[in-house]
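**Q** Sequence:
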Amino acid sequence: FKALVLQYMLLGSLEVCLHSCGHHLNLFQRLDIMIDGCWETIVHCNLKPSNVLLDENMTAHVGGFGFAKMLVGYKSLTLTCTLGTTGYIAP
Numbered sequence: 001f002k003a004l005v006l007q008y009m010l011l012g013s014l015e016v017c018l019h020s021c022g023h024h025l026n027l028f029q030r031l032d033i034m035i036d037g038c039w040e041t042i043v044h045c046n047l048k049p050s051n052v053l054l055d056e057n058m059t060a061h062v063g064g065f066g067f068a069k070m071l072v073g074y075k076s077l078t079l080t081c082t083l084g085t086t087g088y089i090a091p
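Quick note, the sequence shown lines up with residues 1 to 91 if you use the UniProt record's numbering.
Take the hints with a grain of salt, since some may be wrong.
[To be verified] Within a straight-line C-alpha distance of at most 20 angstroms, the following computed SDA-like cross-link-like pairs (lysine to any residue) qualify:
| # | residue 1 | residue 2 |
| --- | --- | --- |
| 1 | Lys48 | Leu6 |
| 2 | Lys2 | Leu31 |
| 3 | Lys48 | Leu10 |
| 4 | Lys2 | Pro49 |
| 5 | Lys48 | Phe65 |
| 6 | Lys2 | Leu25 |
| 7 | Lys2 | Asp32 |
| 8 | Lys2 | Ala60 |
| 9 | Lys48 | His61 |
| 10 | Lys2 | Cys17 |
| 11 | Lys48 | Val16 |
| 12 | Lys48 | Arg30 |
| 13 | Lys48 | Gly63 |
| 14 | Lys48 | Asn26 |
| 15 | Lys2 | His24 |
| 16 | Lys2 | Val16 |
| 17 | Lys2 | Ser20 |
| 18 | Lys48 | Lys2 |
| 19 | Lys2 | Met58 |
| 20 | Lys2 | Ser13 |
| 21 | Lys48 | Met9 |
| 22 | Lys2 | His19 |
| 23 | Lys2 | Gly64 |
| 24 | Lys2 | Asn26 |
| 25 | Lys2 | Arg30 |
| 26 | Lys2 | Leu18 |
| 27 | Lys2 | Gly12 |
| 28 | Lys2 | Thr59 |
If you are wondering where the hints come from, they were derived from the structure by calculation, not from laboratory data.
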C-alpha cells in the first residue's frame, strides 16, 4: 500500500478560488502565486489552476506531479511525447 499525504489546503485549488464568487485575487496575490514555484529545477509538465493549491494564507503549493521531470545540474530535457492537459499545454 502506497499513499501520498499532503497538508490540508483550506482554500482548495487556484481553479476553485478563481471561479468562486467569494474569492478574488489582487495583482500582488497572483504574482506571489506565480513566483513561489519558480526556484526549483523541476519541469512540471502539467501546470494548471487545479494543480495549484492554496493554504489559508493564500500561499501557493504545487501538486499533481505525475508528469514531472527533475533537471539535475541544469541539463536540458528532451521529451519525445506530449505531456499535459489540453488547453494548458504551451504551444
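**Q** Find the hints from earlier in the document that the structure breaks and name them by number, from lowest to highest.
**A** Violated: hints 2, 4, 6, 7, 8, 10, 15, 16, 17, 18, 19, 20, 22, 24, 25, 26, 27, 28.
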